[in-house]
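**Q** The residues making up each chain are set out below.
Protein chains: 4
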Amino acid sequence: MIKAGIIGSTGYAGEELVRLLWQHKDAQVVWYGSRSYVDKKYRDIYGNMFRIVDDVCKDDNLNALAEEADVIFTATPQGFLASELTEELLQKVKVIDLSADYRLKDVAVYEQWYKIKHASPQLLPEAVYGLCEVNREAVRGARLVANPGCYPTCTTLAIRPMLKAGLIDPSSVIVDAKSGTSGAGRGAKTANLYCEVNENIKAYGVTTHRHTPEIEEQLSYAAGEPVNIIFTPHLVPMNRGILITAYANLKERISEEDIREIYHRLYDDETFVRVLDPGVPPETRWVRGSNYVDVNIAVDERTNRVIMMGAMDNLVKGAAGQAVQNMNLMFGLPESEGLMQVPMFP
Amino acid sequence: MIKAGIIGSTGYAGEELVRLLWQHKDAQVVWYGSRSYVDKKYRDIYGNMFRIVDDVCKDDNLNALAEEADVIFTATPQGFLASELTEELLQKVKVIDLSADYRLKDVAVYEQWYKIKHASPQLLPEAVYGLCEVNREAVRGARLVANPGCYPTCTTLAIRPMLKAGLIDPSSVIVDAKSGTSGAGRGAKTANLYCEVNENIKAYGVTTHRHTPEIEEQLSYAAGEPVNIIFTPHLVPMNRGILITAYANLKERISEEDIREIYHRLYDDETFVRVLDPGVPPETRWVRGSNYVDVNIAVDERTNRVIMMGAMDNLVKGAAGQAVQNMNLMFGLPESEGLMQVPMFP
Amino acid sequence: MIKAGIIGSTGYAGEELVRLLWQHKDAQVVWYGSRSYVDKKYRDIYGNMFRIVDDVCKDDNLNALAEEADVIFTATPQGFLASELTEELLQKVKVIDLSADYRLKDVAVYEQWYKIKHASPQLLPEAVYGLCEVNREAVRGARLVANPGCYPTCTTLAIRPMLKAGLIDPSSVIVDAKSGTSGAGRGAKTANLYCEVNENIKAYGVTTHRHTPEIEEQLSYAAGEPVNIIFTPHLVPMNRGILITAYANLKERISEEDIREIYHRLYDDETFVRVLDPGVPPETRWVRGSNYVDVNIAVDERTNRVIMMGAMDNLVKGAAGQAVQNMNLMFGLPESEGLMQVPMFP
Amino acid sequence: MIKAGIIGSTGYAGEELVRLLWQHKDAQVVWYGSRSYVDKKYRDIYGNMFRIVDDVCKDDNLNALAEEADVIFTATPQGFLASELTEELLQKVKVIDLSADYRLKDVAVYEQWYKIKHASPQLLPEAVYGLCEVNREAVRGARLVANPGCYPTCTTLAIRPMLKAGLIDPSSVIVDAKSGTSGAGRGAKTANLYCEVNENIKAYGVTTHRHTPEIEEQLSYAAGEPVNIIFTPHLVPMNRGILITAYANLKERISEEDIREIYHRLYDDETFVRVLDPGVPPETRWVRGSNYVDVNIAVDERTNRVIMMGAMDNLVKGAAGQAVQNMNLMFGLPESEGLMQVPMFP
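Protein chains in written order, with my numbering: chain D, -10 to 335; chain V, -10 to 335; chain L, -10 to 335; chain F, -10 to 335.
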């Protein structure tokens, strides 16, 4: 039985981790960390856990936790883990970080986009970017996994096959993304009140969203050259779900069938990536509560462009589910252990 | 492995059964019945089932199905099962009926409220009302289970302890109920379009809703005398969830603590009924996707009345989950097998 | 042209006042008061006002405002106005208070339910309860109007005819209310975040909601005797709208037609109260954005009870619209001036 | 007083026309046409109109209507008006068509995208495309106005200044659009049920949406050369609102300030187009219920692209409001008559 500690267990991603780990037959949560709710019962913060979780919240003492846990999940604000993590700690416990601290290999890029000084750049080379479908082997041997951001996960899985196959012009990629509101976290902000989000759609972080360099880095690996993109996220009045609609210029004429063939080749052995049938656009309702990413493409012959689409639950494959998938790999378990929930509809 | 057939598998309750049975380790679905979608792939109707269910829909031939299945779930319009079910069929297969055909013991009451002639009243005496927390033993030996309606399940579990203990005046019971829209089914009606339901709340079926006699029958058993109630359901702009707010006059002064004591005594051994802490009203968000019913009470000393509240997922404990719970009992499995999903929030 | 000042103009009710007054041909807003946003442009707080309102927010200095305005609307926290208002001020300017400070005639009741010491009880006798349909004449001559609460407005208008006619037992009244989330205000609280409210329904303030004594006082006037009720509000995932479903025991048998006759007699000359057709329950979608209250009743012959229902936009007739209606009366304008918006659907 | 007839008055756009015309001081509706609801009271179909509209629905007899009306609005399925409209009719009455029948000048393009034979191509040259901000003068003298589609209105107003100024490569334009569900109409389709739309976002009509050629034609006029675009609409779980996020390559380096200058020059005299402040993305909540279009741009210096954004209420400026704006022009009234509603929030 893997003993797991969660730092930041009272945010939405943390709570989703609790939900998934509670149903995982080889893991149990031994530490519910929460800066805001120390000594408060977890089930008083999340009423769904009533009669399920009886623990009280503890603080975010990584060193104490390292003595009790086999793995630590950090669902914490940017900069927290970077300033706490040490070689000594990594010798005792595996760490899966749901923040952005170890996702970007170039510390200068991190500091530019996050406006924070990185406190432990020496650990960056070791950190493995935990997009399992891409870095499976590296994750297996990792001590420190940087769990990918929600937008980067969905975007990379949707676009990567085209770049890897060299079919699109990397400089032409435009990503228009739409996210449910749980992605904005549980902080009490006016902008996230029900009446502000409901009956509204807006773009935010236009040209400046912090997931941009993370997506660019991952796409660059696939393309074998530096990639710059436009990334525009939108806030959608729904709880869960991310939809990516990406556009790129095809280098040469190619049929939709031939492209779909490439996607199938890459993804048909993947448990969690579903290449949809021709003409079926991904929808977030079909993946809700599950670890699936649904992808599809359409070719626009009139403009010789391709539209690449992906849908995913931002809290599962975009956060907690992928973290558990990484944990499974790191501990030698079947990758899908505890993650085979059927999407819940309606 | 229990072989299950579902007649009416393409409605919301049917699809929820598919979701739950697919995750049940001792059952498998062998027949996806659907009058409207015969020969169509199930996953083309419900995209969440893509790469999970590969079957095509079959018709609603109960006799053919009885040869293949150990249990048949019928999530069908009122009157269908009553006109199809026979003693012969019941000798071959167990039946769990999610329609109202066998819920009311008095055929005259059925015919009055449903405006349908009952085609097999001779089977009514045998049918067991599948509210497991009340009729557990009878369900264990049943061939034919009438799976309770959504409102009656939540209402009965919330009010029953008070009536059983003789604490309230049975003639004073008023039930104000609120339901998510999945309860209205997947039929294409203007009234259930997104723009009609969204940003709206309304009462419907005022004084005439068909669940009224079902609730009254169950409450009468608890009270030991005939009970007439007012039952007013409301349609709420959300997918899932039922909330019951019920009111009754206390016969004598009694403290909230003493009442809560009674609830705890009755429910603390129940896996799926959670008696909340003092002052915590049930909320549908805390039970979503799970088989739990959350109940609580409040005493209004100013008027000497009690307010009895219950929250539940109408598609799980109010339909498919309770049906699986019944199946578990009928086949000698642990009652909670396949039903321990942690409620999904947000 | 009436010069109006708004203290608390940046809450939802304040902003709705701005919307309505801007479209009122005989009034203009001269003071946008806001404790939190002093010196900030109003249209930066509410983007809908871009290129409509160019003013910056001012503080909540009632005395300075009284020099500039003919009428002051206060949409402020409980206790604010009571501690600021003076006879001197009332000699200069009319005041319409959207808070609860002057709604209850009995200062002890106010202090008990609001847990605040009332700072100007000497002004209570003069304050007119601004439910125009009931106190029209008194409002006309008033200097200080207590604008009714949202729940009390809808409840009183729905139930009052029955009590006035002596048809129901006053001690049997139960009010089950449902409100959209704008009623919770624009304060940044976790409980009102989108993901917490969406896909949820819950009761709140069970047996303790502060509108209870206000409703009771108004119903007592109608009944001619003290009335105690149960009042249970619920939070509904929608922006606007209040629905009241109230229950009471009929003293004697009476037909629905005869009751409806009474409602028509009382309300057919009222511009803003619509008695719906038989069998048509009020729905909040049909009054959205308007000053209408839709009411209807149903008799349950089985239990000899009546169900009284009302629907209203909580921000219009439940707050800002009624305040403007009061202003019209106080300044001798046609009562419906600036309030004839057709409800906006969908 | 302008006498207006509405053919198709019981769809969402038709009902919005009723709402707006009812509040218009120089117009009145004399004919509520509806194929589905002939002889039914209009207020029984739309309860918001209770005690406002007392008329019953009539059929869609254009010739009879032409005798009674000064202007006919047709909110009808594609092909209807084309097959009914005649020179004779146009000599009696002005026509504002909310369908697509006269929007495209090239009949071959119409027939290709709409898969319908156009029954009156001889009227196409005369029809004026009623985008008032572009074709104001032509609208003034028109007998037949083709009221623009919702997506084309928002897209054209957002992008047009860039093309007119020759700042972007016309072949690089990509339009990612998001619409509320009222755009899908009031037809009873499973796909538009509450539970299907709620908690979901999806693209639809990918590469094939019928508004594509309409947008292309309008952008071509602005560019002075043929323009082909990718247009991808998405369905958002909200009632009203359209948001456009469009992307294009800048021909040369140009600052955001210089571009904004161009937008201001073009739009500052327009009543209904609001150029937002730097860094403020348009949001649908700020225009709800109003005839405003909010636009803004952002320059992405990293990729030398521009992002052009627009937000609008699809039922007002995207349909009924623009139709009234056209009517005002055609009848010599102030263009904004009856259209100055302040956006309703929340």
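Rather than coming from a laboratory, the hints here were simulated on the basis of the structure. Take the hints with a grain of salt, since some may be wrong.
[Unchecked claim] Chain V is faced by these chain L residues, among others (derived, beta-carbon under 8 Å):
id: 1; residue: Ile163
id: 2; residue: Ala180
id: 3; residue: Cys184
id: 4; residue: Lys240
id: 5; residue: Glu241
id: 6; residue: Arg291
[Stated by the list, open to error] Derived Cβ-Cβ restraints for the label pairs, each shown as a range:
id: 7; chain 1: L; residue 1: Lys14; chain 2: V; residue 2: Gln67; range: 37 to 43 Å
id: 8; chain 1: F; residue 1: Phe320; chain 2: L; residue 2: Ser325; range: 23 to 29 Å
id: 9; chain 1: F; residue 1: Arg242; chain 2: D; residue 2: Glu100; range: 45 to 51 Å
id: 10; chain 1: V; residue 1: Asp257; chain 2: L; residue 2: Met329; range: 27 to 33 Å
id: 11; chain 1: V; residue 1: Gln67; chain 2: L; residue 2: Asp257; range: 55 to 61 Å
id: 12; chain 1: L; residue 1: Met(-10); chain 2: V; residue 2: Ala177; range: 33 to 39 Å
id: 13; chain 1: V; residue 1: Thr179; chain 2: D; residue 2: Val96; range: 55 to 61 Å
id: 14; chain 1: F; residue 1: Pro114; chain 2: L; residue 2: Asp266; range: 54 to 60 Å
id: 15; chain 1: F; residue 1: Asp28; chain 2: L; residue 2: Lys153; range: 51 to 57 Å
[As the list claims (entries may be wrong)] Below are the SDA-like pairs computed for lysine to any residue, each with C-alpha atoms no more than 25 Å apart in a straight line:
id: 16; chain 1: V; residue 1: Lys30; chain 2: F; residue 2: Glu259
id: 17; chain 1: L; residue 1: Lys240; chain 2: V; residue 2: Gly268
id: 18; chain 1: V; residue 1: Lys178; chain 2: F; residue 2: Pro267
id: 19; chain 1: D; residue 1: Lys240; chain 2: F; residue 2: Arg291
id: 20; chain 1: D; residue 1: Lys104; chain 2: F; residue 2: Gly194
id: 21; chain 1: L; residue 1: Lys178; chain 2: D; residue 2: Arg32
id: 22; chain 1: D; residue 1: Lys30; chain 2: V; residue 2: Glu250
id: 23; chain 1: D; residue 1: Lys178; chain 2: L; residue 2: Pro114
id: 24; chain 1: L; residue 1: Lys178; chain 2: V; residue 2: Gly268
id: 25; chain 1: V; residue 1: Lys14; chain 2: D; residue 2: Pro323
id: 26; chain 1: F; residue 1: Lys178; chain 2: V; residue 2: Gly176
id: 27; chain 1: L; residue 1: Lys14; chain 2: F; residue 2: Arg291
id: 28; chain 1: L; residue 1: Lys104; chain 2: V; residue 2: Thr260
id: 29; chain 1: F; residue 1: Lys178; chain 2: V; residue 2: Val27
id: 30; chain 1: D; residue 1: Lys30; chain 2: V; residue 2: Ala211
The structure displayed is predicted, hence computed values, not measured ones. Every residue gets a Cβ at the ideal spot worked out from N, C-alpha and C, and that includes glycine.
**Q** A separate judgement is required for each hint: does it hold in the structure or not?
**A** Evaluation of the provided hints:
{"no.": "1", "hint": "Ile163", "in the structure": "5 Å, holds"}
{"no.": "2", "hint": "Ala180", "in the structure": "10 Å, violated"}
{"no.": "3", "hint": "Cys184", "in the structure": "4 Å, holds"}
{"no.": "4", "hint": "Lys240", "in the structure": "16 Å, violated"}
{"no.": "5", "hint": "Glu241", "in the structure": "17 Å, violated"}
{"no.": "6", "hint": "Arg291", "in the structure": "5 Å, holds"}
{"no.": "7", "hint": "L:Lys14 - V:Gln67: 37 to 43 Å", "in the structure": "56 Å, violated"}
{"no.": "8", "hint": "F:Phe320 - L:Ser325: 23 to 29 Å", "in the structure": "27 Å, holds"}
{"no.": "9", "hint": "F:Arg242 - D:Glu100: 45 to 51 Å", "in the structure": "27 Å, violated"}
{"no.": "10", "hint": "V:Asp257 - L:Met329: 27 to 33 Å", "in the structure": "58 Å, violated"}
{"no.": "11", "hint": "V:Gln67 - L:Asp257: 55 to 61 Å", "in the structure": "41 Å, violated"}
{"no.": "12", "hint": "L:Met(-10) - V:Ala177: 33 to 39 Å", "in the structure": "52 Å, violated"}
{"no.": "13", "hint": "V:Thr179 - D:Val96: 55 to 61 Å", "in the structure": "58 Å, holds"}
{"no.": "14", "hint": "F:Pro114 - L:Asp266: 54 to 60 Å", "in the structure": "49 Å, violated"}
{"no.": "15", "hint": "F:Asp28 - L:Lys153: 51 to 57 Å", "in the structure": "38 Å, violated"}
{"no.": "16", "hint": "V:Lys30 - F:Glu259", "in the structure": "53 Å, violated"}
{"no.": "17", "hint": "L:Lys240 - V:Gly268", "in the structure": "34 Å, violated"}
{"no.": "18", "hint": "V:Lys178 - F:Pro267", "in the structure": "45 Å, violated"}
{"no.": "19", "hint": "D:Lys240 - F:Arg291", "in the structure": "22 Å, holds"}
{"no.": "20", "hint": "D:Lys104 - F:Gly194", "in the structure": "41 Å, violated"}
{"no.": "21", "hint": "L:Lys178 - D:Arg32", "in the structure": "19 Å, holds"}
{"no.": "22", "hint": "D:Lys30 - V:Glu250", "in the structure": "22 Å, holds"}
{"no.": "23", "hint": "D:Lys178 - L:Pro114", "in the structure": "41 Å, violated"}
{"no.": "24", "hint": "L:Lys178 - V:Gly268", "in the structure": "20 Å, holds"}
{"no.": "25", "hint": "V:Lys14 - D:Pro323", "in the structure": "18 Å, holds"}
{"no.": "26", "hint": "F:Lys178 - V:Gly176", "in the structure": "9 Å, holds"}
{"no.": "27", "hint": "L:Lys14 - F:Arg291", "in the structure": "50 Å, violated"}
{"no.": "28", "hint": "L:Lys104 - V:Thr260", "in the structure": "41 Å, violated"}
{"no.": "29", "hint": "F:Lys178 - V:Val27", "in the structure": "19 Å, holds"}
{"no.": "30", "hint": "D:Lys30 - V:Ala211", "in the structure": "35 Å, violated"}
The structure fails to meet hints 2, 4, 5, 7, 9, 10, 11, 12, 14, 15, 16, 17, 18, 20, 23, 27, 28 and 30 from the earlier list, while all remaining hints are met.
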